[in-house]
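Colleague: What follows is each chain in one-letter form.
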Amino acid sequence: GDSVTQMEGPVTLSEEAFLTINCTYTATGYPSLFWYVQYPGEGLQLLLKATKADDKGSNKGFEATYRKETTSFHLEKGSVQVSDSAVYFCALSFKGSARQLTFGSGTQLTVLP
Amino acid sequence: NAGVTQTPKFRVLKTGQSMTLLCAQDMNHEYMYWYRQDPGMGLRLIHYSVGEGTTAKGEVPDGYNVSRLKKQNFLLGLESAAPSQTSVYFCASSYSRQGDTGELFFGEGSRLTVL
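Protein chains in written order, with my numbering: chain P, 1 to 113; chain Y, 1001 to 1115.
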């Protein structure tokens, strides 16, 4: 079946550091890929997405590029802030699939001032 | 605009007790979902619904039942709670398949502890 593998956390960085959270997937076909973020005490919310190979999703300074050849969708940000502290989930889905998203296990990010 | 609202937000049960979690959405979404979130396991789909009066099993449906009697509401029931059902439960909704963007809208979660 489809699956998403994320780098294990937790990840702790100092403010203004560079962030990479790795995500790879296994799927039959070409899914759409997503990053969701969960701030403390809240539900998940969509951060960015890419629907086909070589697409780059971006939002709030975060970006990720859909790499078909390496089946990856790594999340990056050039300079993290304390307010970026959250849990980040990589996910995939197939358009038209009622079952929607398959999530990775999540990566806890803590940014220290 | 309330979005997706879950009640209750916290609940403690004893083994064998029953309870119902209520999810309500005001976005006129066709699709609704119940997930559970456990440490190190991400979110796992319990049941979902593609429209009023329909339900389907997800990845981990055992021990749960659901109902979608009204389009805006999706209920998750535990008939006989077990400690393994201690988790944080999230409801989500999304647009119909024709406008599928993959984006789900989540509630704030319901933390359930079964003793």
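If you are wondering where the hints come from, they were derived from the structure by calculation, not from laboratory data. Virtual Cβ for every residue (Gly too), placed ideally from N, Cα, C. One thing to keep in mind: the hints can contain errors.
Claimed, not checked - With the C-beta cut set under 10 Å, the calculated list includes, among others, these residues of chain P facing chain Y:
{"hint": "1", "residue": "Met7"}
{"hint": "2", "residue": "Val11"}
{"hint": "3", "residue": "Tyr30"}
{"hint": "4", "residue": "Tyr36"}
{"hint": "5", "residue": "Gly41"}
{"hint": "6", "residue": "Glu42"}
{"hint": "7", "residue": "Ala53"}
{"hint": "8", "residue": "Lys60"}
{"hint": "9", "residue": "Phe62"}
{"hint": "10", "residue": "Thr71"}
{"hint": "11", "residue": "Ser83"}
{"hint": "12", "residue": "Ser85"}
{"hint": "13", "residue": "Phe103"}
{"hint": "14", "residue": "Gly104"}
{"hint": "15", "residue": "Gly106"}
{"hint": "16", "residue": "Thr110"}
Colleague: Please check whether P:Thr71 passes as an interface residue: C-beta within 10 Å of a C-beta belonging to chain Y.
Modeller: Hint violated; P:Thr71 Cβ to chain Y Cβ min 17 Å, cut 10 Å.
Colleague: Against chain Y, with CB atoms and a cut of 10 Å, does the hint on P:Thr110 hold up?
Modeller: Where the cut-off is 10 Å and the nearest Cβ of chain Y is about 16 Å from P:Thr110, the hint is violated.
Colleague: The hint names P:Phe62 as touching chain Y; please verify it with the least Cβ-Cβ distance against 10 Å.
Modeller: P:Phe62 check fails; min Cβ-Cβ to chain Y is 16 Å, beyond 10 Å.
Colleague: How about P:Glu42: closest beta carbon in chain Y under 10 Å, or not?
Modeller: Holds. Min distance 6 Å.
Colleague: Does P:Lys60 pass the interface hint, meaning its C-beta sits closer than 10 Å to a C-beta of chain Y?
Modeller: Where the cut-off is 10 Å and the nearest Cβ of chain Y is about 16 Å from P:Lys60, the hint is violated.
Colleague: A closest beta-carbon separation below 10 Å is what the hint needs, so does P:Phe103 meet it against chain Y?
Modeller: holds, 4 Å
Colleague: Would you check whether P:Gly104 satisfies its interface hint, that is, whether its CB is within less than 10 Å of any CB in chain Y?
Modeller: holds, 6 Å
Colleague: Against chain Y, with CB atoms and a cut of 10 Å, does the hint on P:Tyr30 hold up?
Modeller: violated, 13 Å
Colleague: Please verify that hint: P:Gly41, Cβ, nearest Cβ of chain Y, below 10 Å or not.
Modeller: Cβ of P:Gly41 sits 7 Å from chain Y, so the hint holds.
Colleague: At a threshold of 10 Å, is the proposed contact between P:Ser83 and chain Y supported by beta-carbon distances?
Modeller: violated, 19 Å
Colleague: Can you verify the interface hint for P:Val11: is its Cβ closer than 10 Å to any Cβ in chain Y?
Modeller: violated, 15 Å
Colleague: Given P:Tyr36 as an interface hint, is the shortest Cβ-Cβ distance to chain Y below 10 Å?
Modeller: With a minimum Cβ separation of about 8 Å from chain Y (threshold 10 Å), the hint on P:Tyr36 holds.
Taken one by one, the earlier hints fail for this structure at numbers 1, 2, 3, 7, 8, 9, 10, 11, 12, 16, listed in ascending order.
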